[in-house]
Amino acid sequence: MPQLNFADFPPQLVWLAISFLVLYVAMAKIAVPRIAEVLESRQDRIARDLDEAKRLSEESDKAKADYEAALEEARAKAHGMVTELKASIAKEQDASRVELEAKLAAKSAEAEKSIAAAKDEALSNVRQIAGVAAKATVSKLVTIDLADTDVDAAIEASAKGRV
Amino acid sequence: MAEGQSPLAQFEIKRLVELNAGGLDVSFTNSSLFMVIAVAAITLFLTWSMRGRAMVPGRMQSMAELSYEFIANMLKENVGSEGRKYFPFIFSVFMFVLFCNLIGMIPYSFTVTSHIIVTFGLAALVFVTVTLVGIFRHGFKFLSFFVPSGVPAILLVILIPIEIISYFVRPISLSVRLFANMLAGHTLMKVFGAFVIALSWWGGWLPLAFISALTGLEFLVAFLQAYVFAILSCLYLNDAIHLHH
Amino acid sequence: MEVEAAKMIGAGLATIALAGVGLGLGNIFGSYISGSLRNPAAAPKVFGNVLLAFALTEAVALFALVIAFLILFA
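Protein chains in written order, with the working numbering: chain C, 1 to 163; chain X, 1 to 245; chain D, 1 to 74.
Derived from the structure by calculation, the hints contain no laboratory data. Heads up, some of the hints might be wrong.
Said to hold, decoys possible - Pairs of lysine-lysine, DSS-like flavour, derived with a Cα cap of 27 Å:
#	chain 1	residue 1	chain 2	residue 2
1	X	K85	C	K29
2	X	K190	D	K7
3	C	K77	C	K64
4	C	K119	C	K103
5	C	K86	C	K103
6	C	K119	C	K107
7	X	K76	D	K45
8	C	K91	C	K77
9	C	K29	X	K76
10	C	K77	C	K62
11	X	K141	X	K85
12	X	K190	X	K14
Values in this document were obtained by computation on a predicted structure and should not be read as measured data.
Let the hints inform the model, and build the full structure from the sequences given.
Here is the structure:
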């Protein structure tokens with residue numbers, strides 16, 4: 001077996017030591033730092049991009065919240081305006097209603113007064129006619145001429161007794 | 001079988017440049033050549049692919065980053081945040097084993113990790129590093145690692161030697177696992193390759209189909225063994241840092 | 001007994017270890033399949049562990065192979 005030829009051991013060991021030492025130095029001083037640097041800068045870049053994305057998303061969240069707050073405010077304002085308007089309309093309506101009612105009440109009172117006057121007039125007319133009729137009837141029946149005052153007194157009395 | 005056609009002939013060490021340093025044979029062999037190729041390939045792959053430092057990685061850069069993150073996650077899951085500073089070491093071990101395995105899959109190339117002395121060298125390096133980490137972190141308390149907690153004193157007499165043996169067997173099992181996988185895979189491919197030749201065009205198709213499937217399996221094994229080597233190194237490191245079983 | 005023949009027998013005996021490895025591999029994949037049928041959602045998460053266990057178990061088979069090689073060629 002060539003592997004067990006002891007004469008071949010020293011050169012292999014010596015060259016293994018030399019080449020491995022060279023390799024180790026090349027790795028430790030050149031290759032590994034270079035790869036690590038690239039990987040780190042990429043990591044940094046990714047982290048930075050992620051931060052930026054987070055910041056932007058927070059910003060957009062904030063903008064959205066602002067927009068919603070503004071919307072809410074406008075809605076509240078509109079609502080307030082509507083209620084105010086409603087209240088003022090109701091107040092106006094109330095006022096006009098009260099005025100109308102007062103007017104109507106005054107009119108009806110006036111009307112009642114004129115009706116009462118008419119009634120009184122009618123009633124006095126009725127008395128007069130009744131007096132004339134009574135005087136004529138009495139004169140026809142007993143042929144006496146009654147004085148107007150007596151007739152009126154009698155009618156008044158009968159009207160009082162009836163009422 | 002003639003020596004040239006032996007399934008083990010592919011593991012032969014050939015001295016390309018004879019060198020001698022103070023009586024020590026440091027010849028540049030084919031094994032050394034492929035180690036240098038692997039190191040150059042790893043360094044080129046990782047630096048050339050990252051030259052753009054692009055924010056959005058291309059194909060090669062993704063592969064480089066993937067290998068980095070693969071080991072980084074392995075270290076994080078198995079060792080935790082203290083393992084961070086041993087990352088270049090584990091990463092080098094993983095890449096070295098992986099590239100040696102993969103380069104060995106190229107026909108007519110040489111598989112560095114199919115030599116027990118190379119894998120043992122690597123495993124011993126991991127073992128020594130891990131042990132030194134444990135001693136520097138915990139000092140004398142590191143020895144408590146060999147004393148299982150919650151065990152009657154009588155049993156400790158048996159258990160402590162077992163713990164110590166199992167600790168010192170680690171570099172052996174680590175190196176033999178990688179070495180045996182590479183040796184077996186490449187030997188098997190060579191054996192079936194010889195069958196294809198021996199049965200020629202009328203009977204060679206079956207071993208050819210088998211060898212194709214085997215090549216796929218060997219690529220999986222090449223990756224898997226590098227992964228196993230790295231993850232076991234992580235587990236040993238975890239033991240040394242946290243001192244519990 | 002001739003040393004050559006003893007080596008061959010020894011290498012053959014070394015492959016008995018494959019019985020245990022076969023049991024182990026069957027157990028790994030059998031458990032994985034039955035587990036992933038019970039809870040398919042968790043299956044991808046343990047697949048890495050399955051491969052790791054496969055590699056570790058396969059290594060045991062290869063230890064036996066190394067022993068056989070050592071007997072035959074060393």
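- Message: Could you work out which of the previously given hints the structure breaks and list their numbers from low to high?
- Response: none
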